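Q: Here are the chains, one letter per residue:
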Amino acid sequence: MTAKSPAEISQPRRLGYSFRRNLRERFIEALLFLTAFASVAITLAIVVMLVKESYEFFQHVSIWDFLTDTQWTPLFDDAHYGILPLVSGTLVSSAVALLVAIPLGTIIAIYLSEFAPFTVREIAKPFLELLGGVPTIVYGYFALLFVTPLLQQIFPELPGFSLLSAGLVMGIMIIPYVSSLSEDAMRAVPMSMREGSYAMGATRFQTAIRVVMPAAYSGIAAAYILGISRAVGETMVVAVAAGMQPNLTWNPMEPAATITAYIVQVSLGDLPHGSIGYQTIFAAGLTLLLMTLSFNIIGHILRKRYREIY
Amino acid sequence: MSNTDKLHEIRAIIVRHKRWDLMFMAVGMFALMIAVLTFTVLFAQMIIDGMPRLSWDFFTSFPSRRPGSAGILSAWVGTSLVMLVTIVAAVPMGIGAGVYLEEYAPKNLVTEIIEVNVTNLAGVPSIIYGLLALGLFVYQLGFGQSILSAGLALALLILPVVIVTTREAIRAIPVAIREGAYALGATKWQTVSDHLIPYAAAGILTGIIIGLARAIGETAPIITIGAMTFIAFLPPSLVQTEFPFLSFEWLTSPFTVMPIQMFNWVSRPEEAFQLNAAAAGLVLVVMTLAMNGLAIYLRYHMRKKIKW
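Respectively, the protein sequence lines represent chains A and B. Quick note, the first sequence lines up with residues 135 to 444 if you use my numbering. Quick note, the second sequence lines up with residues 349 to 656 if you use my numbering.
Chain A extracted, bound-state conformation (with noise of 0.2 Å):
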C-alpha cells in the first residue's frame, strides 16, 4: 500500500469523515450526559417514591395525629401512628453519638493538623480511614456484647438493650468522619496566617483555637453536619444494641427503636405490598429524610454565613 499525498484523498471523502467522526462524538457526549443526569433522576426517583407511598398512607392517618400521637403501633389491632416515639429514639441515640464524635473528633482534627509529628500524622490518617470502613453492623455486634456488659459493670441498672451503648458505639464509629474533614478544613488555612499568629508570639494552642478553627469554622461545620446526618441515619447499630420497641423517652438509659429500627423491623417481617403496614415505612422514610435534609439545609446557610475566602 503505497502513502497517498494529502491531494489525493478526495475532498468528498474527508467530509464524509468528518461526518461520521462528529456523529460518534455527539452520540458519546449525549450518553455520558445521561450517565450524569441519572443522579438527579435518583433523587428524583427517591422523592418520589418516598411521597408516593406517604400520600396513600396520610390518606388513612392524618397529618396531625402522625405528628402528635405519643404511640406507635402500627401492626397492632390498637392501631397507632404517632411518629413521635421513633423521633425521640432517633434523637436521643445521635445526641449521645454527637457528645462523643465530635469533641473526639475535634480535637483529633486539631492534633493532627496542628500538633502532631509528620510520622503520626501518616499513621494516624489510613488507621483512621480502616476505622470509619468497619461495617456498621460489626459495630453492632461490638455494642450489643461488648459495650453494653461493660457499662452494666458501672450501671447495673441498665438493660440490655439501650440507647446508650448503641449512642456510644455510633459515636465511636462517627469520629473519623468528623475528624478526616475537619482536619483538611484546618490543613486548607494558608500557612501565613498560622505564621503571623506566631511571629505575635501566640503559642500552638493559641493558634490552633483562635486561628485556625475560626479560619476554617466552615469546613468544621460542613464536617459535623456530615457528622449528624450519619449518626440520624444509621440503622444497624441501633437496629441491633439498642432493641426494637417503640419508646417515648429522652432516657438514653431506655431502651427504645429509632426511626431506621422500625424499618428494618418491619422490613424482616412479610408486609404485603400496598398495606398500611407496607406504607409506614415509606411515611417513616420520608420523616428521616427530611430530618437530615433540614440538618444539611441549617448547614448550608451556616455555611454561607461564616465563610472566610483566602
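Rather than coming from a laboratory, the hints here were simulated on the basis of the structure. The structure presented is a predicted model; accordingly, all values stated were derived computationally and were not measured. Some hints could be false.
As the list claims (entries may be wrong) - One-sided excerpt, in silico: chain B residues whose CB lies under 10 Å from chain A:
{"id": "1", "residue": "Lys-366"}
{"id": "2", "residue": "Trp-368"}
{"id": "3", "residue": "Met-377"}
{"id": "4", "residue": "Thr-386"}
{"id": "5", "residue": "Leu-449"}
{"id": "6", "residue": "Leu-469"}
{"id": "7", "residue": "Pro-473"}
{"id": "8", "residue": "Ile-475"}
{"id": "9", "residue": "Ile-558"}
{"id": "10", "residue": "Ala-575"}
{"id": "11", "residue": "Val-614"}
{"id": "12", "residue": "Val-633"}
As the list claims (entries may be wrong) - Every beta carbon over 12 Å from chain A, so not counted as near; a handful from chain B, in silico:
{"id": "13", "residue": "Ser-350"}
{"id": "14", "residue": "Lys-354"}
{"id": "15", "residue": "His-356"}
{"id": "16", "residue": "Leu-402"}
{"id": "17", "residue": "Trp-404"}
{"id": "18", "residue": "Thr-408"}
{"id": "19", "residue": "Arg-414"}
{"id": "20", "residue": "Ser-428"}
{"id": "21", "residue": "Lys-455"}
{"id": "22", "residue": "Pro-522"}
{"id": "23", "residue": "Ala-524"}
Just so it is clear, CB atoms sit at the ideal spot from N, CA and C, and this is done for glycine as well.
Following the hints, position chain B against chain A.
A: Only chain B this time, still in chain A's reference frame:
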C-alpha cells in the same frame, strides 16, 4: 516595677501558655488512643469469639438450626453475586458521569444542579436507598426480592463515591496532556478514552474499591428490600453446559448476604449463634480492611510514582 521583674513576668506567662500546649498534646494523643483502642478491642473480641469457629466447614456449610454445623456458604456466594451486579451497574455509570462533569459539562444551570445533586446523594442515609429499591426495583419494575434488586440498590449507594473519585483522578491530569492529544488531531472522545481514562485508572480503581468495601458491609438497604435471613440453597449457576453457556437465572434468585447472615445470628439469644456471628464478622472485617488497605496503598503508591 523594674525591667527584670517585667521580664520574669513575661517568661512566666510564656511558660504557662507553653504548658497549655503540652496539655493539649496529651489530650490529643489520648483522643487518638481512644479511637485506636476501641478498634483494637473490637478486633480482638472478634478474633477471640470467632476464631474457634473459623474452619473450612464454616465456608462450605449452609446456615443451620444447630449452631455448631452452621456456615456462611449461601452468604458469601450471595455477597459475591450482589457485588458483581453492583460493579457492572456502578462502574460504567460512575466513570461516565465523572468524565462528563470533568471534561464535557458546560458551565450552566443543569451542570450545577447535577453537581449539587451528587454531593447531596452522598449524604442520604443508606436505608433510604433501600426504600427506593423496594418501591422501584422490587415492585414497580418487578425484579422481586432478588440479587438484581440488591445489586442495583448498592450500585446507587456507591455511585457518588465512584463519581467523585473519578473526577478527582481526571482533574489531576495536567492540561498539557489534553492539548497534546488535540494538537495531533484527536477528538474529544479519543483524548478521553486513549489518554485521560487510562492515566486516571489507578485513581478510579481506588474509588471503586472503597465503594465496594462500603457496599459489602451495607446491611440496611438489603434488609429493606426483603432479603431473607435463612437461605439453605445456592442461586442457579452462572455457567451452563448448553449454548450460550452463560445463564442469567441467578439474577432473580432469592439470596442472603454476609452482613445479613451476621445480623441474623447476632439477634438470636443463644450464645453459640453469637459466636457464629463473631466468626462471620471477622471474615467481614478482614475483607473490608483488606479492600480499604489496598485502596490506601494504591493511592500512596500513585502519589509516589506519578510525576507529570
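Q: Each hint needs a verdict: does it hold in this structure or not?
A: Quick rundown of the hints versus the structure:
About 6 Å separates the beta-carbon of Lys-366(B) from the nearest beta-carbon of chain A, less than 10 Å, and the hint is met. For Trp-368(B), the interface hint holds, since its Cβ comes within 10 Å of a Cβ in chain A; the closest pair sits about 5 Å apart. Taking 10 Å as the C-beta cut-off, the interface hint given for Met-377(B) holds, the closest approach to chain A being about 7 Å. Here the hint on Thr-386(B) is kept, as its CB sits about 5 Å from the closest CB of chain A, short of 10 Å.
Interface hint status for Leu-449(B): upheld, as the beta-carbon distance to the closest one in chain A is roughly 6 Å, under 10 Å. The interface hint given for Leu-469(B) holds, since its Cβ lies 6 Å from the closest Cβ of chain A, which is under the 10 Å cut-off. Because the closest C-beta pair between Pro-473(B) and chain A is about 2 Å apart, less than 10 Å, the hint holds. Because the closest C-beta pair between Ile-475(B) and chain A is about 5 Å apart, less than 10 Å, the hint holds.
For Ile-558(B), the interface hint holds, the least distance from its beta-carbon to any beta-carbon of chain A being 8 Å, beneath 10 Å. Residue-level restraint check for Ala-575(B) holds (minimum Cβ-Cβ distance to chain A is 9 Å; threshold 10 Å). For the restraint placing Val-614(B) at the interface with chain A, the shortest Cβ-Cβ distance is roughly 5 Å, inside the 10 Å limit, so the hint holds. Look at Val-633(B): its Cβ gets to within about 6 Å of chain A, closer than 10 Å, so that hint holds up.
Non-interface call for Ser-350(B) relative to chain A: holds, since the shortest CB-CB distance, roughly 22 Å, exceeds 12 Å. Annotated as non-interface, Lys-354(B) keeps its C-beta farther than 12 Å from every C-beta of chain A; the closest such distance is 15 Å. The beta carbon of His-356(B) sits about 16 Å from the closest Cβ of chain A, which is more than 12 Å, so the claim that it is off the interface holds. Distance check on Leu-402(B): its Cβ is at least 15 Å (rounded) from any Cβ of chain A, clearing the 12 Å threshold; non-interface status holds.
Distance check on Trp-404(B): its Cβ is at least 23 Å (rounded) from any Cβ of chain A, clearing the 12 Å threshold; non-interface status holds. Thr-408(B), annotated as away from the interface, keeps every beta carbon of chain A farther than 12 Å; the closest lies near 23 Å. The beta carbon of Arg-414(B) is kept farther than 12 Å from every beta carbon of chain A, the shortest such distance being approximately 21 Å. Residue-level check passed: Ser-428(B) sits 16 Å from the nearest beta carbon of chain A, beyond 12 Å.
Non-interface status of Lys-455(B) relative to chain A is upheld: no Cβ of that chain comes within 12 Å, the nearest being about 14 Å off. Every C-beta of chain A lies more than 12 Å from that of Pro-522(B), the closest at about 22 Å, which supports listing it as non-interface. In this structure Ala-524(B) is separated from chain A by more than 12 Å, as the shortest Cβ-Cβ distance comes to about 22 Å.
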